[in-house]
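Following the hints, position chains B, C and D with the ligands against chain A.
Number of protein chains: 4
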Amino acid sequence: MPTIPLIIDTDTAQDDCIAILAGLLDPVADLRAITMVAGNVGFEQQVANAHLTLNVAGRLGTVPIHRGCTQPLLRHWESAEDVHGDGSGGLSIPSDSLVEADEHAVQALLRLTAEAPGELSIVAIGPLTNLAAAIVLDRGFASRVKTLVIMGGSNNARGNITASAEFNFYVDPEAAQVVLQAGFGDLRIVPWAPLTLSDATFPRADYDRLGALGTPLAGFYHRMCAATIDYDESVGIDGSTHPDSLSVAVLLHPELVTAESGYRVDVETASELNRGMSVMAWEKFDLPVNAQVIEAVDGAAFYEYLGGILATPTTPNLPVSGLSS
Amino acid sequence: MPTIPLIIDTDTAQDDCIAILAGLLDPVADLRAITMVAGNVGFEQQVANAHLTLNVAGRLGTVPIHRGCTQPLLRHWESAEDVHGDGSGGLSIPSDSLVEADEHAVQALLRLTAEAPGELSIVAIGPLTNLAAAIVLDRGFASRVKTLVIMGGSNNARGNITASAEFNFYVDPEAAQVVLQAGFGDLRIVPWAPLTLSDATFPRADYDRLGALGTPLAGFYHRMCAATIDYDESVGIDGSTHPDSLSVAVLLHPELVTAESGYRVDVETASELNRGMSVMAWEKFDLPVNAQVIEAVDGAAFYEYLGGILATPTTPNLPVSGLSS
Amino acid sequence: MPTIPLIIDTDTAQDDCIAILAGLLDPVADLRAITMVAGNVGFEQQVANAHLTLNVAGRLGTVPIHRGCTQPLLRHWESAEDVHGDGSGGLSIPSDSLVEADEHAVQALLRLTAEAPGELSIVAIGPLTNLAAAIVLDRGFASRVKTLVIMGGSNNARGNITASAEFNFYVDPEAAQVVLQAGFGDLRIVPWAPLTLSDATFPRADYDRLGALGTPLAGFYHRMCAATIDYDESVGIDGSTHPDSLSVAVLLHPELVTAESGYRVDVETASELNRGMSVMAWEKFDLPVNAQVIEAVDGAAFYEYLGGILATPTTPNLPVSGLSS
Amino acid sequence: MPTIPLIIDTDTAQDDCIAILAGLLDPVADLRAITMVAGNVGFEQQVANAHLTLNVAGRLGTVPIHRGCTQPLLRHWESAEDVHGDGSGGLSIPSDSLVEADEHAVQALLRLTAEAPGELSIVAIGPLTNLAAAIVLDRGFASRVKTLVIMGGSNNARGNITASAEFNFYVDPEAAQVVLQAGFGDLRIVPWAPLTLSDATFPRADYDRLGALGTPLAGFYHRMCAATIDYDESVGIDGSTHPDSLSVAVLLHPELVTAESGYRVDVETASELNRGMSVMAWEKFDLPVNAQVIEAVDGAAFYEYLGGILATPTTPNLPVSGLSS
Ligand SMILES: [Ca+2]
Ligand SMILES: [Ca+2]
Ligand SMILES: [Ca+2]
Ligand SMILES: [Ca+2]
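Chains A, B, C and D, in that order, give the protein sequences.
Heads up: the first sequence begins at 2 in the working numbering, then just goes up one per residue.
Heads up: the second sequence begins at 2 in the working numbering, then just goes up one per residue.
Heads up: the third sequence begins at 2 in the working numbering, then just goes up one per residue.
Heads up: the fourth sequence begins at 2 in the working numbering, then just goes up one per residue.
Since the hints were derived computationally from the structure, they do not count as laboratory data.
Any given hint could turn out to be false.
If chains are identical, the list can't say which one is meant, so a pair holds when it fits in one copy or spans any two.
What the hints assert, rightly or not - SDA-like, lysine to any residue: derived pairs with alpha carbons at most 20 angstroms apart:
id	residue 1	residue 2
1	Lys147	Pro6
2	Lys285	Leu198
3	Lys285	Tyr304
4	Lys285	Glu82
5	Lys285	Ser80
6	Lys147	Gly184
7	Lys285	Gly86
8	Lys147	Asp187
9	Lys285	Ile162
10	Lys285	Glu234
11	Lys147	Ala115
12	Lys147	Pro255
13	Lys285	Glu79
14	Lys285	Asp83
Computed from a prediction, not measured in an experiment: that's the story for all the values here.
Here chain A stands alone, though its shape is the one from the complex (with noise of 0.2 angstroms):
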């Protein structure tokens, strides 16, 4: 079987770790390069998540972890930790003898990209920052991806960081937009809502489910979601939510789509009020489209995914505090 090179550039915490185990477990994938940018956390924090996933899945060391931008094109970052806490579900592993790449990020992109043009795919799944800083050094890097998945953005719906804007999309608009008009031959999107609400939010009998499968990485599932579903469920979302392993998995099996149009997607950077909304016009509005929007997943068939990924048995590298065995 033939598998997918991908680059999974990433603020890590909560999901985005699942979506890495999807990366790092699925047999589909080859995972060469996770890519660090500023987002949900403190940038040492998500660093340190993405060793301890790279840890639990046993694979500490097999993939590099490149730094990146620590903070947005523009504006300041701004953390959503409120709601991840720090991310890491109350989990850590020893950080002696964890090291990262000494390549840049955005370097990294470049540089794997130019080695096999037309080849890897990335998935996006933090705000767009080292893609945009990648697009800026090299105009021709967008032509060299296959294919770009990206999380962020709603379709005419609500945000959750405010009333409008999605997160990613709002702590670096100008890096989305960036990257939404950089010409990528295979754009894709996953967007908050309403899609990742009506098709990929799990219950708590079935994230608790997914918990319970007895394996190492179904208790990092439960430990690190915690935060995530208890704030959904404070904010009448009826569930956890996995926007970004969903971004992952549709890279990786493009069955789970059930629907998806093509629009013309443009993010807000001109307005505050409006910061990083994402305008998903519509073909009515006969506008040059630019990205393939999925409209609905196969959510069912989503959940058995990542139960699978979930039962995959694994031995973490280092031994993980506060994850019962």
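Here is chains B, C and D with the ligands on its own, set in the frame of chain A:
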């Protein structure tokens, strides 16, 4: 039965006419004035449409029509003539004897509310230029209005004139923002989407049934809304839309409303991309509430209600060219 | 000698008062109305200052004072009280008998220009809210005004309220932009910088000389402008500034102008950083000219002119508390 | 004599070339790299112009030329080719043997400053895209630069590309704002107006005198700046302008500066009207100072200085087509 004194502020075309009919013929309504504002179609055509509507109800000359602002506060006027044609349904009446009030719409709004502070309600079913101008001239205006019902915006859902903006707010976003922030004590919003699409859209069979009631008003309705339903169907909306008449209906019959919530509503004025978009922030964001946004209505009851209005037997004051008798 | 009929639109404080004196006492002037707009200091204080000015000229009751808009079109009112104090120079008169016109300033502007289309000029020496509101209500207003002189903006030079913006345009930038784009046939601008700094600033010795002319008006002048000259000197301006009285002077005596050019003038409304900044594009840019910007005046002649006004003997209608006789 | 190690970041055309000559030939200068950024003319032409300049100085191959960002961060590139033509003065050299460094300009900026933290200065005489990108990749970059001299903006005075904006800041306003707010410890600005117009413009007689010095560099100068002086004269500027060479000169010879002040400088990014305008707020506004703005230089000494550079005898490495010997 005590009646509800009201003013309708309107860019009269299609469903604006039906809204005026409700204001004229509903026994609980006491329509004091019609104030005209630049919006859907050419200003003179709008005035003609208002006369035409009074005439078909047999009420020509009983309610003053006040000419108001012929352009938005700051923007160039943009029509919706692609949707409405000239908004007359191809109907006309002899214009020689038709006269409007001498008084400017803004003056009428200021005077009528000053004469009966706290008693009059306003249903605003066009761009909000007249109301904003009244506020600019007299910052006490808002406090003298009993209830203001605004047809405008979308509730974290699709727009109609752009992907994110509804027409009335789009045409004069600054006016909309002035009105929303002016401190009206009882401000209710009928948003375009999802409300009027889900609960106040009549499929063609229903539309035709109303048109076949056998009265002059029923024939008038069927002609006036023909362009709307054709356009709607061409863009994937399954029926004729009735946001303006719904706005009058919810003022006169609040029991039609089955769900509503307090929101902080702001209108985008800083960005062309999102010009006129309504940001409706729900309770999660802890912002000061400035409007009750109607979230659901009893669509069947509203259909019955409009049917009752249109079944009212009337004798047009002047013969209507184009209307079969 | 034919006279020049004019209206002064003013946020009356300090030099606004001197401008009104010129409009009252210059034999070529026929001052028809004073219209009040929110600006320098509290609205009631401004009205009081206008009465005070009429009184010291012995003209109380001869020119109507119309109350106008008490806030900018869209913005919250911001005062210049750090510059002006209350703008009264510590003077006051008994207020019991003072009355303003019933008619709103905007209505007065509309009515007076409609009664004598093409004959009246306006000198606007405050924020442009009243004029913009008149335009919003009646798009024919601009065509009925003979000459409009605006004190506002800077000509590619320093601002005073921010680094880039002059106070009048800053307070209501949208109004300024509406007025500038409304199609006035003869629109002349007196910019704050460099014009009034280079050609209409009186060093303290000159200021004191005017104050020592021995008339009630001279004493009034010296008191009214004391706060201005103190402030000016504190920010490095060597003397008292007279943009408002200069604006009346150039209408009544165009020969004071020694240089002027056609410019395309726009006012910044989209950015907080440059809020209210006037962009004055000279001929290089080939943009349609909408204003004649005054670039130089005969400063000595203007000083002589003001001296002549202030030397006029007058008998105040009411005794002025605080003014030595 | 200790030398000043520096990098010149440039959109090489006309006076950029003269700036490079100063960096190459001034004995106090130690030019470590030339980094290219999109600006005045086509990118390849700019690179060719840089080689041409090194060649005429007989220094081809001694200073690396690094290709940098070929477009602004967010905006489409706009040229100044109406001013500069192709910026080559009609000169050319055989291109076969010319090579640029492999390393990207942004990488070079990051590496060189990391190798000698606190030692290198940068003179930025084009749009600030490269510097902003370096900051985005590494937030520690600014702290490693000794002195940054920026040619850009105007000090409350006229622009050149629009009425209010100077070209370098206009082309990439977001980059300019990123750089200005990045915390450079010693940031000096050479503004277009009034400084370079009043103190660094050479009337045609002076320009011709420099061109007649009899060296290859003098002939080169006269050819390279011919388009500039022709354009300048066509828009009312009496001579050839030298903002870029002045910027190098003030780094190498601070004694040329006769007046400067600390300002808070921001660049307009939110408005198209004022795109790229530099707001320079002086002490009155009590804002945190982020730049020393040069307000006056000894123009005669600067002219002498440039004359000295151009009088330097050199032997071009390759024959220059179009340059009389
Ligand atoms: Ca994420
Ligand atoms: Ca309407
Ligand atoms: Ca004033
Ligand atoms: Ca340059």
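We went through each hint and held it up to the structure:
When the C-alpha separation of Lys147 and Pro6 is checked against a cutoff of 20 angstroms, the pair qualifies only within one copy, where the shortest distance is 10 angstroms, while the shortest distance between copies is 43 angstroms. For the homomeric pair Lys285 and Leu198, the shortest alpha-carbon distance between copies (16 angstroms) is at most 20 angstroms, but the shortest distance inside one copy (25 angstroms) is not. With identical chains, the CA atoms of Lys285 and Tyr304 are never at most 20 angstroms apart, being 34 angstroms at best within one copy and 28 angstroms at best between copies. When the C-alpha separation of Lys285 and Glu82 is checked against a cutoff of 20 angstroms, the pair qualifies only between copies, where the shortest distance is 16 angstroms, while the shortest distance within a copy is 39 angstroms.
With identical chains, the CA atoms of Lys285 and Ser80 are at most 20 angstroms apart between copies only, with a shortest distance of 17 angstroms across copies and 36 angstroms within one. Proximity of Lys147 to Gly184 under the C-alpha cut-off of 20 angstroms is restricted to the intra-copy arrangement: shortest distance 12 angstroms within a copy versus 38 angstroms between copies. In the homo-oligomer, the alpha carbons of Lys285 and Gly86 lie at most 20 angstroms apart only across protomers (18 angstroms), although the nearest pairing inside one protomer, at 42 angstroms, exceeds that limit. In this homomeric assembly, Lys147 and Asp187 come within 20 angstroms of each other (Cα to Cα) only inside a single copy, at 7 angstroms, whereas the closest approach across copies is 44 angstroms.
Taking CA atoms no more than 20 angstroms apart as the test, Lys285 paired with Ile162 passes between copies only; the shortest distance there is 10 angstroms, against 28 angstroms inside one copy. In this homomeric assembly, Lys285 and Glu234 come within 20 angstroms of each other (Cα to Cα) only across copies, at 12 angstroms, whereas the closest approach inside a single copy is 36 angstroms. With identical chains, the CA atoms of Lys147 and Ala115 are at most 20 angstroms apart within one copy only, with a shortest distance of 12 angstroms there and 34 angstroms across copies. Taking CA atoms no more than 20 angstroms apart as the test, Lys147 paired with Pro255 passes inside one copy only; the shortest distance there is 14 angstroms, against 52 angstroms between copies.
Taking the shortest alpha-carbon separations for Lys285 and Glu79, only the inter-copy value of 18 angstroms comes in at or below 20 angstroms, while the best intra-copy value is 35 angstroms. Proximity of Lys285 to Asp83 under the C-alpha cut-off of 20 angstroms is restricted to the inter-copy arrangement: shortest distance 13 angstroms between copies versus 38 angstroms within a copy.
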